[in-house]
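Q: Listed below are the residues making up each chain.
2 protein chains.
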Amino acid sequence: MSRAHAPQARVAAARAPAEFTRLFNPRAIAVVGATGDPRRIGGQPVDILVSNGFPGAVHPVNPRYEELGGRRCYPDVTAVPAPCDLALVAVAAPLVPRVIEQCGAAGIPFAIVFSAGFREIGEEGARLEAELKAAIAKSGVRVIGPNCIGTMNLKDRVLCGFGPGFRNPGLKAGPVAMVSQSGGFAYSVAGLAANEGLGFNYIVSVGNEADVSTLDLMAEFLERGEVEVVVSYIEGIADGRKLRAIGARALELGKPIVVWKVGNSPVGRKAAESHTASMTADYALYRAAFREGGFVEITDVHDMVDVVRAFGGKRLPKGPGVAVITTSGGSGVLIADCCDRQGLRLPPLEAVTVEAIAPLAPKYSSFANPIDLTAQVGSESENFNRITELVAGDPNIDQVIIRYGAAQAAGSEHWAAGLVEIARKTDKPLLVAWSRVPDPDARSLQTLEKHRVPWLLTPARTATAAAVLYEFSRKRETRATRQARGASHATGRQPLNLPAQGGALGERRSKQCLAAYGIATVREAALTLEQVERLSTAPFPFPLVVKIDSPDIAHKTEAGGVRVGIASVAELKQAAAEIAAAARRHRPDARIEGVLVAEMARGVEVIAGAVNDRYFGPVVMFGLGGVFTEVLRDVTYRFAPFDVTSAREMIAEIKAAPLLTGYRGRPAVAVDALAEVLSRLSLLIADHGERVAEIDVNPIFVDETGALAADALLVLKPAAHD
Amino acid sequence: MSRAHAPQARVAAARAPAEFTRLFNPRAIAVVGATGDPRRIGGQPVDILVSNGFPGAVHPVNPRYEELGGRRCYPDVTAVPAPCDLALVAVAAPLVPRVIEQCGAAGIPFAIVFSAGFREIGEEGARLEAELKAAIAKSGVRVIGPNCIGTMNLKDRVLCGFGPGFRNPGLKAGPVAMVSQSGGFAYSVAGLAANEGLGFNYIVSVGNEADVSTLDLMAEFLERGEVEVVVSYIEGIADGRKLRAIGARALELGKPIVVWKVGNSPVGRKAAESHTASMTADYALYRAAFREGGFVEITDVHDMVDVVRAFGGKRLPKGPGVAVITTSGGSGVLIADCCDRQGLRLPPLEAVTVEAIAPLAPKYSSFANPIDLTAQVGSESENFNRITELVAGDPNIDQVIIRYGAAQAAGSEHWAAGLVEIARKTDKPLLVAWSRVPDPDARSLQTLEKHRVPWLLTPARTATAAAVLYEFSRKRETRATRQARGASHATGRQPLNLPAQGGALGERRSKQCLAAYGIATVREAALTLEQVERLSTAPFPFPLVVKIDSPDIAHKTEAGGVRVGIASVAELKQAAAEIAAAARRHRPDARIEGVLVAEMARGVEVIAGAVNDRYFGPVVMFGLGGVFTEVLRDVTYRFAPFDVTSAREMIAEIKAAPLLTGYRGRPAVAVDALAEVLSRLSLLIADHGERVAEIDVNPIFVDETGALAADALLVLKPAAHD
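Chains as they are written, first to last, in this note's numbering: chain G, 341 to 1062; chain C, 341 to 1062.
Certain hints may be false.
Note: identical chains are not told apart, hence a pair may lie in one copy or across any two.
[To be verified] Derived lysine-lysine pairs resembling DSS-like cross-links, with alpha carbons at most 30 Å apart:
{"hint": "1", "residue 1": "610", "residue 2": "703"}
{"hint": "2", "residue 1": "658", "residue 2": "610"}
{"hint": "3", "residue 1": "654", "residue 2": "790"}
{"hint": "4", "residue 1": "658", "residue 2": "582"}
{"hint": "5", "residue 1": "473", "residue 2": "703"}
{"hint": "6", "residue 1": "654", "residue 2": "512"}
These are computed hints drawn from the structure, not numbers from a lab.
Excised from the complex, chain G in its bound form (with noise of 0.2 Å):
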């Protein structure tokens, strides 16, 4: 089968895996606190991995019994015979230290505490984890937990956890990995998506991750060559920036990792700080790093189910040009919605592939995209294939959806094996929206799935499968421009002579910092408001902005301290005295340097923000002013540093673009200017981002011929003392 641009062949091998290769396929496996009580958590471990197939030996360790259900039980972990290379510890919380350190003292390298009562409960609970996590860090001893459910292998059948997910006769082994930090739900999950025919090789439930991490395991399972796509739960994660390094390996790979990530609303939020007590960066910043990195979204288990099935193919679209092939007009029209909803395209055929299909098809047939073949066509029909393969063949065509129709179980196995031979010939995706009950049994769709030709459940669904290809392609592709381009920076780093102190930085200072870095600002002079009272000519042309000029007033619109629109000296001067008479009251202690009078500058009022994020890093926000940040929240995000090329993507994927860019006529501003200050402000923020707590850049002005920064405010961290 030619797989000459399937995307794993076109990418590096991956890493050599090896961390947590014992975690996963121990030797022998200690149970730390096994009894004989099956309503407990300890008395399940021994019966699981056992009648569940485990291949090696199983040590039960409890100082209260001598045997337990036939075997020898161990006093302490260090009396379990050697080589044991995983210890399930499901004592009492405060016993859980001492238990690590023994296995450190036992040799044993891996530990899964099922055990509960630690930091999700509160105070006292978290003093018991950073005890845990001393005895982890002196034992050398890798554990996953406390407060998991446990792991499964069940490639290799070594289940190691309590409950019922781990008594579900219907899990199977498959290509995904999954990675969540609630138990209940991924073993609930995966038995939802198992009865859509998913296997799972790995999952695993971190509990409140003491030591190894949702993104430890995340980047362990990219690398395995078992797992085809990663899967994961998540309610928050504490590096942002290690995320993104995942994202990146997971776009290099070309494989997946489907996030499903909750806690994003405030009720959500809260529920899932009081569940296992998440980090809680901002959602929007979660979705850059999606948006960025190798990952895809989902908000229920189908969308897992179609995700995995999709990706099986192993090979994405070159564009997002879509030819559809269905037999009832009503899926065509649906399809089209779904595909135009999700940023897809259905291009005309070329003449030459109408031309080539029509002798094939039956009367009535649209050959406008997409294309109705009608009910007088059997799916099972030769010219429903041969017309399949044409399509294929057309240029403008990046993948093709095929709606099957058909109802003889004969004639559709038929029409897979001829489907598999289309696929062996083309490197576009063949997606089939299968709209019937799906028979396991089927050879049809068993030939399907042994030939890696994706099939979906409902019309809808298999556009969603096409347009999330398209995505992943098209952040490859991005990624590969990006890193083509290099790191065309257009300044290298500034010094900024910041004070020690942390807080903020008056308007003037942060201006200067801005400056540093060749973003442009208003013209302006800073005034004594006795230099104002001896003007006899303004220092720019009319009209004029009058602002307060004082580090102790950083919000001066609501202190009354700005005045626009002054037309004359006269009006300059009484707005002078009067937004200093409206500071004084607003702040009496605020030291009022004087004014600044500025240049009243013109055009599109945008305003742009960075932040050095504790878990994601230096981030630059942008939008356009007032209400539409406010209000509407049409603001988008991108990790600093960044380049005027991705500057550029930002500010055309913000709704009001337009208004930007031109639209009814209205010319663009100057868009090149505008993604040079965004960039620089990038720059600004990951050199500084030590000092540099936040910026705020509000309003900018951009017209045609170039972008302004009005106002500025910096945010200063103390400097350390070091």
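Please arrange chain C on chain G, whose structure you already have, making use of the hints.
A: Structure of chain C alone, referenced to chain G:
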């Protein structure tokens, strides 16, 4: 079972339906164009009817045979013995009109026409369809089709159609009726839904709707007692007014109409046109109708299953408050997110409720909503149900989602029986998030279904079901309060003295029409250019606006015919001369009557429009001006006429509403005055829709003191000559 507040119980009894009785329950059926070849359409219906158990007589009709498959074959329908209530027609398209006439002559009241080759194939087919319509009118026969796949009454095993959908043993009877504009799609969807347990009493493929329409059948099924949910796949409908009336009736009956509307994107719409040449009103108007009436819009099969299950409970929540009870913290977080996204709330429980449930719950439970009882409690335990009952009794809670996570079938039966008891004692919806692979033989599921406690697959789908129930309830409430208010229209029909010819009415005349309906406009004076030249003082205080006054220039800005911010008489004179010159350049033959000199209004710019849509009738559009409408499409629609209360809802609906209602300390504008404008505009278009095609009021300035229309344009249809 107490159903005091169940929706069905609260409403007027359904109207007794009779019109289509013999269509779905015919005493005997003639199959016109019957043949012995099962590969042809005419070769299938007799066998399908008989093998599915149709209890009446089946008469093949074909002049070429005397006998078919052991049955007497008649030369034409007039020879078929009476009583015969239905003819299935599978002859070549050109022969169909004659067959319908013969049905009329034979006293056969209904026909279902499978034959294709009508409107859907273009002009020639359209002529044939007109001929068919004439035959229908003349004969009085009610016809389904042409170009349809057939109808099913699964309740009574009357299956009239052809193709694989009619040989699907998976379909079963149940309380759903489906009406579909795509036959192939309908039967494939029905198969998939049946696989999730859904039963259909009726399924109809309507084809080209030459006579009986989708809406006729929607209305019919809505009134039938054996139908609890009507489902309709719609590409386009011809009578938007009737759609709205059916939506109102659905609310009245408390029965939802599930609509699956496709053909909404440009490419989908094009495909829909080529599919069955459907009507193509703007999707925004469909959505307005769906939002107003008892419709639930869906986009995939599983949505349909979920809505049917949710309404199967026959109870609606009284408010947005949901309690979530779970044993998996992850599910709780997920459900909380889904609820938040869909407008539901998770209010805290009353302190008294928490006090009552705390002793029943395991250690480490969380009583914030979502209520996480942790994996320590078996869902099947006595306490789980006792907690459920206490939560359901909390006054803050309008419905309860129970995420069921038990593993043991035995415990689950006991739990289900207990939950049914709780349901008996409350009128609040209880929804079960069933998170395991559903076994249809499980006694627990059978118990829930028998006692109409809805269960849904996956937590996310359960949250969506809860949101659908709340939205339906809210619409019923809105409708009830609107009816209670009565039609409190601010003004009766006003004469407008419109000219007889069609086309755009000038600004001045347009504003007079608004004024007749009590809509305030900015003060302005119409002056000839000579009058402007002679001015010594301005007619209103500066600043002023000057606009060209010409009946021939509809878009004044594009013609260079508007100047704002005029600050002196000299500026006014110069501006008037300049815009007159610009207007003459723009359109040399334009009649220039002079200029309009107007006050410059202040405030937020909003726009309102009205059309008399050919499908839906008079409708009013509202949004903010400029980019909000043109780029962000942040607009909303209401069918006219409506009162100020509805207008206020409309204003609150747009995303940018905080700009009007106040945000971040900014004051609200005079929303009531704006609502008054919208309501009066709705009266104008409703009263004069026969002459007024469009109204554009753009901009309207709204500030704290009131709303003033600054420009207006009416477009007229020519007066009818009668």
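Q: All hints, please: hold or fail.
A: Hint-by-hint comparison with the structure:
1. 610 <-> 703: between (60 Å within a copy, 19 Å between copies)
2. 658 <-> 610: between (42 Å within a copy, 25 Å between copies)
3. 654 <-> 790: within (13 Å within a copy, 46 Å between copies)
4. 658 <-> 582: within (28 Å within a copy, 46 Å between copies)
5. 473 <-> 703: between (73 Å within a copy, 24 Å between copies)
6. 654 <-> 512: Within one copy only: 21 Å inside, 39 Å across.
In summary, the structure agrees with every hint in the numbered list given earlier.
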